[in-house]
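Visitor: Protein sequences, first through last, are from chains H and P.
For the first sequence, position 235 matches number 235 in my numbering, and the numbering has no gaps at all.
For the second sequence, position 106 matches number 106 in my numbering, and the numbering has no gaps at all.
A few of these clues could be false.
[What the hints assert, rightly or not] Here are some chain H residues the structure puts well away from chain P; computed CB gaps all over 10 Å:
| hint | residue |
| --- | --- |
| 1 | L60 |
| 2 | L68 |
| 3 | R225 |
[Unchecked claim] Part of the chain P face toward chain H, derived, beta carbon under 8 Å:
| hint | residue |
| --- | --- |
| 4 | R17 |
| 5 | M316 |
| 6 | P402 |
Hints were generated in silico from the structure; no laboratory data involved.
For each residue, glycine too, the CB sits at the ideal point set by N, CA and C.
Here is how the chains run, residue by residue.
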Amino acid sequence: MAETEVLRLEGVRKSFNLGLPTEVEVLHGIDLTMTSGEFVALIGPSGSGKSTLLNLIGLLDRPTAGTLRLEGHDTRALDDAALTRLRGHSIGFIFQHHHLIGAFTAAENVLMPMLLDRGRPDAAMREAAETLLDRVGLLPWRDANVGNLSGGQQQRVAIARALAMAPALVLADEPTGNLDTKSANGVFNLLREMNRLNRTSFLIVTHDPRLAQRCDRIIEVVDGRVVSDAPVPRP
Amino acid sequence: MSRWLPFEWIAGLRFLRDGWTQTLFILAGVSVGVAVIVFMSALLAGLQSNFLRRVLSAQAHIVMLPPDEIARPLRAGPGVVQDAIVQRPAQRLRSIDQWQTVLAQMAAMPQVAVATEVASGAALAVRGEASRSITLTGVRPEGYFRIVDLPANMVAGQLRLNSEDIVIGTDLATDLGVAAGDKLRVTAGSGGSATLTVAGLFDLGNRGVNERTTFVALRTAQSLLGLTGGVTSLQLTVQDPYAAEVIAQAINGATGVRADSWIRTNLQFFTAVSAQQTTNTVIRLSVGLSVALGMASVLVVSVVQRSREIGILRAMGARRGQILRVFLIQGGVLGLAGALIGSMLAVVGLLAFHASARQADGSELFPLEVDPQLFILAAVVAALTGVLAAMAPAMRAARLDPVEAIRG
Chain H
1 MAETEVLRLE
11 GVRKSFNLGL
21 PTEVEVLHGI
31 DLTMTSGEFV
41 ALIGPSGSGK
51 STLLNLIGLL
61 DRPTAGTLRL
71 EGHDTRALDD
81 AALTRLRGHS
91 IGFIFQHHHL
101 IGAFTAAENV
111 LMPMLLDRGR
121 PDAAMREAAE
131 TLLDRVGLLP
141 WRDANVGNLS
151 GGQQQRVAIA
161 RALAMAPALV
171 LADEPTGNLD
181 TKSANGVFNL
191 LREMNRLNRT
201 SFLIVTHDPR
211 LAQRCDRIIE
221 VVDGRVVSDA
231 PVPRP
Chain P
1 MSRWLPFEWI
11 AGLRFLRDGW
21 TQTLFILAGV
31 SVGVAVIVFM
41 SALLAGLQSN
51 FLRRVLSAQA
61 HIVMLPPDEI
71 ARPLRAGPGV
81 VQDAIVQRPA
91 QRLRSIDQWQ
101 TVLAQMAAMP
111 QVAVATEVAS
121 GAALAVRGEA
131 SRSITLTGVR
141 PEGYFRIVDL
151 PANMVAGQLR
161 LNSEDIVIGT
171 DLATDLGVAA
181 GDKLRVTAGS
191 GGSATLTVAG
201 LFDLGNRGVN
211 ERTTFVALRT
221 AQSLLGLTGG
231 VTSLQLTVQD
241 PYAAEVIAQA
251 INGATGVRAD
261 SWIRTNLQFF
271 TAVSAQQTTN
281 TVIRLSVGLS
291 VALGMASVLV
301 VSVVQRSREI
311 GILRAMGARR
321 GQILRVFLIQ
331 GGVLGLAGAL
341 IGSMLAVVGL
351 LAFHASARQA
361 DGSELFPLEV
371 DPQLFILAAV
381 VAALTGVLAA
391 MAPAMRAARL
401 DPVEAIRG
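Only chain H is shown next, with the shape it has when bound in the complex (with noise of 0.2 Å):
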């Protein structure tokens, strides 16, 4: 199967606190590109941008500098409307903490994107979501308040939910960071099967150097800084 660029970033700088004496540039130049199915863990030590990395990918905020480039949509001539569209359909999200919304269950979870999308639900929104669930092994909790769920469950709810829109690239935070080991697992696996299944991009920051090396690829970010780009070698 061709293999088409999802994500380009070239010479990608930010820095906060522009024009103050406090000024400070945590991003120096990222060069970067991911193409569809690629399962890519991004690792690094705390501080050195792996977050600001992941915001300006998620399209969350602008770099200061340098090009992103999402699905071929360059998102520098983009206002915040346009990106807001370009985040709904292109990248879904999975944080540390499932972050799911309370007020609402399990399906309706899964459902939000595309409610947000289309504006008013429909049966065939409610079908899609079903669906996720199935393959993500919570069907009987449809319409369980996602607060009476364990933590590794709330995170098969998130994985669910950030693929609702079938996004060409998921981003996911420490997704297994909350996690006791089995559940761990058990995420990762969830992780790898729906990226074979969809052919969907995978950008995974994580800690833990034993998921990194089950990732197909691994980037090192220090000090702002790719240090290491590099495949996993496989025996």
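Assemble chain P onto chain H, guided by the hints.
Guide: Just chain P now, with coordinates in the frame of chain H:
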């Protein structure tokens, strides 16, 4: 999740349900506020309408009177010195000049509903050793009783006004010891005197009026008061009682006859009503403002509590406008629901107050006439207030930086 509702409504209602304790408290606050406003408005409207009805059913809207007599200055001439003080002459009982023409002119005016002539003056009613001073009012029944609803207030005898009949109040009848069918001697200030039959007794709900006011046929009054063919006033009712003052001024300008409207003769009442309305408005505005501020503060807390969820929604593709509307809808729904509950509380309060608050004679203090428009107005105003109160928190939510919000 209703398939008919858009995301904003679904999320707004879910957030309200999810934070049900907060929702209940703010709903209680809005309901009490609306109940106070509706209760006060309905009570004030009822009391005013009752008072106006009593005033307007017992007097004409406009009374036309002959001009006051004034001292005539002597023409200046040799040996004539003008006094520094000119004494006001005593006002004799006089007829309105050419009243028939003026009456016809009044009856032809489109704003005038009823116009009738009255001859009235002071007299003494004597029965044996007892005597009482009275106001003798000579009327043409078919005209006058369309202005003052005396038939509805008759308590004994008949409302019959033949040339030798007199209809008196219940208190005068008690003072003089007479009943329907008895005779009375009436002597007017001009010297005219007649023995009249008490045809009936009325009760206008006011002791002073019941003691002094008497009604006779117009010709009887004219004869007793020495006003042959004359009348002391023309009394009018107009289509719009609140336009009475403007119409009175127009009549005065057109005819030269003095015309006093009920608005001018009850000026103190209007001043009291105006003061009451101002106080009421200030109280209502204060209550409304307190409710709005309370609602805004609760919604601000809600935005702070939900900032992470707002950030997540923004990350998932929620537009700023969608987030804004989620909180505006919450404000509007709280206002509307509070208005419905508050209106029901107000009705219960009004029914209880109406049942317990009575006049000295046991009759109702005010008529329970609750205008449905008041509830519609309360609902619309409360919903708008809710939306306005939610504006600041909603804008704050819409402006939240998703990165900061998710980080918490």
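Visitor: Does each hint fit the structure? Answer for all of them.
Guide: Each hint tested on the structure:
With a least beta-carbon separation of about 5 Å from chain P, L60 of chain H fails to lie farther than 10 Å from that chain, contradicting its non-interface assignment. With a least CB separation of 15 Å from chain P, L68 of chain H remains clear of the 10 Å interface cut-off, as annotated. The claim that R225 of chain H lies off the interface holds: its Cβ sits roughly 21 Å from the closest Cβ of chain P, which is beyond the 10 Å cut-off. The beta carbon of R17 of chain P is positioned within 8 Å of a beta carbon in chain H (closest approach about 7 Å), and the interface hint is therefore held.
Annotation: M316 of chain P was flagged as interfacial toward chain H, and the flag holds, the nearest CB pair being 5 Å apart, inside 8 Å. The beta carbon of P402 of chain P comes within 5 Å of a beta carbon in chain H, closer than 8 Å, and the hint placing it at the interface holds.
Checked against the numbered hints given earlier, this structure breaks only hint 1.
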